[in-house]
Amino acid sequence: MQWDWSAVGEFMPMFWDGVLVTLQALVLGVIVAFTLGLVWALAQRSRLKVVRWPVTVVTEFIRNTPLLVQLFFLYFVLPEWGITFSALTTGVIGLGLHYSTYTAEVYRAGIDGVPAGQWEAATALSLPRSRTWFAVILPQAIRRVVPALGNYVVAMLKDSPLISTIGVLEMLGEARQFGSITFQMVEPLVVVGIAFIVIAYPASLLLRALERRLVR
Amino acid sequence: MSEITPGLWELVFKGLWITVQLTVYSAAFGGVVALVVGLARTHRLWIVRFVSGVYFEIFRGTSALVFMFLVFFALPMGFGWQLVPMWAAVLAMGLTYGAYGSEVVRGAVSAVAPAQREAGIALSFTPAQSLRKIILPQAWPDMVPPLNNLLIELLKGTALVSILGVGDISFAGQLVRNATGQSGPIYTVILVMYFVLAFVLTRGMRVLERQARAGIGQAPPKKGGLTSRLGIRQQNQIAAGGEG
Amino acid sequence: MSADSTPNDPNVSTTKETANPAVDGSELIRFDKVTKRFGSNTVLDELDFSVASGKHVTLIGPSGSGKTTILRLLMTLMKPDEGTIKVGGEYLTHEERGGKLVPAGERHVREVRKNIGMVFQQFNLFPNMKVLRNITEAPVHVLGLSKDEADERARELLDQVGLGDRCDAYPTQLSGGQQQRVAIARALAMRPQVLLLDEVTSALDPELVAGVLDVLRDIAQTTDITMLCVTHEMNFARDISDKVLMFDSGRIIESGSAEKIFGDPDHERTREFLSAVL
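Protein chains in written order, with the working numbering: chain A, 1 to 216; chain B, 1 to 244; chain C, 1 to 278.
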């Protein structure tokens with residue numbers, strides 16, 4: 001096998017397109033995951049069993065089954081029910097939904113980590129429930145879990161190539177397309193592989209610094 | 001549109017068997033990698049720590065799917081056709097999840113009280129004896145729950161090999177979808193199968209953890225709520241628990 | 001805060017007549033056969049007692065005797081297993097509906113609870129809020145005060161507890177004693193009729209205790225707030241208490257004036273306890 005630098009050069013324009021799509025999917029997916037996860041976490045602390053149970057069952061199910069199959073499910077089954085999204089939207093929903101079940105656990109741990117005295121003080125001051133959550137508990141809980149949430153951003157980045165399987169041309173998708181046209185597969189794959197490390201490594205360094213600052 | 005025929009069901013169950021094999025082999029290989037790299041990262045020689053650290057950092061940033069593509073395309077095609085995809089997959093999964101596992105091993109080993117090491121030295125144990133008789137037995141119970149999480153991740157990760165043509169259940173799912181022209185039933189079946197596998201794995205690991213704790217005289221962990229009754233509860237290893 | 005500001009201030013009273021009795025020694029708190037268990041451990045055993053409006057009552061006794069449980073029941077941080085509690089003539093955790101007593105709804109509990117404030121052993125200040133907002137949060141969002149009103153009230157209270165210059169500090173930047181004084185100001189900002197003090201100096205370094213107790217003495221002397229106090233500071237208890245209740249194993253074994261209990265207790269257990277702590 002010969003390493004071909006010219007293939008790398010030819011791949012670069014497609015690569016940059018892929019980077020943009022990857023980042024777009026990541027940012028949107030993260031927004032979905034962070035918001036939905038908070039919804040799940042709050043629902044799991046609901047006083048109503050009819051809210052708690054279904055949410056727990058559904059999130060456990062999603063977390064313990066492969067993202068890949070979930071993407072296929074969303075991509076192929078939803079249209080059978082008459083719901084059609086673009087491939088990128090499907091990918092964002094799939095990625096976000098899958099990781100929302102992880103962030104839900106993170107939020108939950110963060111909420112559990114707020115000392116009982118904070119709830120008691122809020123009760124003693126007769127603060128309404130919504131105020132207790134949004135002014136007292138969540139600001140403290142989220143501060144504690146920022147590093148853990150950040151780790152899932154990195155994890156989502158690393159799982160984002162999965163959406164190439166439903167036809168989204170993010171970095172890996174572009175590499176595969178390049179390979180299918182030119183039959184040069186190794187060069188674009190190496191470029192993409194290095195790109196992931198180059199993005200993920202500083203991110204994880206940043207997160208560790210953040211962790212030292214926030215979690216004392 | 002048509003029903004899933006017995007022949008197609010056979011395909012699904014063959015795929016299920018492949019998935020189980022992939023999980024077992026990758027976990028075994030990954031376990032060895034995790035132990036070796038994890039211990040290397042606590043080694044007293046800096047060069048050993050450095051090299052194993054680099055290995056960990058690279059895989060921390062690597063996308064498993066991209067790495068798998070690399071292994072499949074860059075590996076010399078010297079072996080027989082059928083053998084390669086399965087073992088290439090095991091290699092890729094083992095190296096990736098072994099790297100994650102090394103962090104678990106490293107953490108648990110460095111959490112064992114220094115006094116325990118000193119006791120080993122005082123009794124003139126060799127480092128290997130000390131590791132085998134003192135350090136690992138104490139670190140093991142703390143490793144089991146995070147390793148369970150990793151095992152579930154690995155099980156889910158095996159689905160990736162279907163993209164590269166290994167005939168696991170996800171692959172069988174695509175074949176059935178093409179044959180029946182329907183996606184809903186088969187993908188539902190397949191998701192449930194993964195869930196059941198995850199359930200079984202978690203149950204097994206729970207037993208393992210109880211034995212490990214009993215083995216060093218600790219009480220079994222407390223029972224949780226609904227999720228622990230479902231048997232699949234992933235504790236997040238985050239710093240959120242501690243106060244202040 | 002001046003002496004007359006609490007009982008005569010319109011902000012203190014709720015709409016209900018019964019919630020704002022004059023300070024005439026009428027009954028403000030009543031426990032009626034209250035039982036509380038934790039598992040098989042009975043912490044309070046058919047407890048009866050009442051506290052008159054404006055009085056300062058100290059609960060003493062060995063740890064585990066149920067003193068703190070009483071405060072936590074009053075603050076609705078826990079529910080009694082049996083029996084009823086009345087505050088200002090209103091049932092705390094029950095409601096009368098059609099002549100029957102039923103467990104109270106959230107709104108009823110909240111309404112009655114507004115008359116009660118509490119200071120905790122561990123302060124429980126909100127670490128994500130500055131000192132001033134710790135104090136104004138509840139007046140603004142529970143009593144509906146304007147931000148300016150609440151700020152002004154908070155600053156007055158901070159002056160009173162000697163921390164007028166620390167409005168913009170975060171709780172973690174304060175000493176334990178300072179934090180506890182902020183917590184006292186926070187409780188007072190709600191203008192409660194009843195103030196519950198749960199071992200408020202137990203978590204403090206010894207040299208910081210005096211400052212907090214001085215603030216509380218000042219409040220006891222200059223206001224008509226009814227105080228229920230669990231403490232191990234016997235000198236403080238002797239100074240401020242109109243009445244002392246001696247607890248043992250979930251029951252009141254002796255009660256009386258501070259002079260009586262500290263000077264010449266009737267009960268052997270009381271004598272033992274006091275000789276151990278004094």
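It should be emphasised that the hints constitute simulated quantities derived from the structure, not laboratory data. Because the structure is a prediction, the values reported are computed rather than measured. Worth double-checking, as some hints may not be accurate.
Claimed, not checked - Straight-line alpha carbon distances no greater than 25 Å define the calculated SDA-like cross-link-like pairs of lysine to any residue that follow:
| # | chain 1 | residue 1 | chain 2 | residue 2 |
| --- | --- | --- | --- | --- |
| 1 | C | K79 | A | P79 |
| 2 | C | K114 | A | R131 |
| 3 | C | K79 | A | L48 |
| 4 | C | K130 | A | L36 |
| 5 | A | K49 | C | S202 |
| 6 | C | K130 | A | A116 |
| 7 | C | K114 | C | L77 |
| 8 | C | K114 | A | S130 |
| 9 | C | K130 | A | F134 |
| 10 | C | K243 | C | R269 |
| 11 | C | K79 | A | W133 |
| 12 | C | K130 | A | R52 |
| 13 | B | K14 | A | F61 |
| 14 | C | K79 | A | P128 |
| 15 | C | K130 | A | R143 |
| 16 | A | K49 | C | L77 |
| 17 | A | K49 | C | K79 |
| 18 | C | K114 | A | W133 |
| 19 | C | K130 | A | G113 |
| 20 | C | K55 | C | K147 |
| 21 | C | K79 | A | R52 |
| 22 | C | K86 | A | T123 |
| 23 | C | K79 | A | R213 |
| 24 | C | K114 | A | A116 |
| 25 | C | K86 | A | F61 |
| 26 | A | K49 | A | L36 |
| 27 | A | K49 | C | K243 |
| 28 | C | K147 | C | R133 |
| 29 | B | K133 | B | R213 |
| 30 | C | K147 | A | L48 |
Here's how the hints hold up against the structure:
| no. | hint | verdict |
| --- | --- | --- |
| 1 | C:K79 <-> A:P79 | violated (52 Å) |
| 2 | C:K114 <-> A:R131 | holds (15 Å) |
| 3 | C:K79 <-> A:L48 | holds (19 Å) |
| 4 | C:K130 <-> A:L36 | violated (30 Å) |
| 5 | A:K49 <-> C:S202 | violated (39 Å) |
| 6 | C:K130 <-> A:A116 | holds (20 Å) |
| 7 | C:K114 <-> C:L77 | holds (13 Å) |
| 8 | C:K114 <-> A:S130 | holds (17 Å) |
| 9 | C:K130 <-> A:F134 | holds (16 Å) |
| 10 | C:K243 <-> C:R269 | holds (18 Å) |
| 11 | C:K79 <-> A:W133 | holds (22 Å) |
| 12 | C:K130 <-> A:R52 | violated (34 Å) |
| 13 | B:K14 <-> A:F61 | holds (23 Å) |
| 14 | C:K79 <-> A:P128 | holds (19 Å) |
| 15 | C:K130 <-> A:R143 | holds (16 Å) |
| 16 | A:K49 <-> C:L77 | holds (22 Å) |
| 17 | A:K49 <-> C:K79 | holds (21 Å) |
| 18 | C:K114 <-> A:W133 | holds (19 Å) |
| 19 | C:K130 <-> A:G113 | holds (21 Å) |
| 20 | C:K55 <-> C:K147 | violated (32 Å) |
| 21 | C:K79 <-> A:R52 | holds (23 Å) |
| 22 | C:K86 <-> A:T123 | holds (18 Å) |
| 23 | C:K79 <-> A:R213 | violated (40 Å) |
| 24 | C:K114 <-> A:A116 | holds (20 Å) |
| 25 | C:K86 <-> A:F61 | violated (48 Å) |
| 26 | A:K49 <-> A:L36 | holds (19 Å) |
| 27 | A:K49 <-> C:K243 | violated (46 Å) |
| 28 | C:K147 <-> C:R133 | holds (10 Å) |
| 29 | B:K133 <-> B:R213 | holds (15 Å) |
| 30 | C:K147 <-> A:L48 | violated (35 Å) |
Taken one by one, the earlier hints fail for this structure at numbers 1, 4, 5, 12, 20, 23, 25, 27, 30, listed in ascending order.
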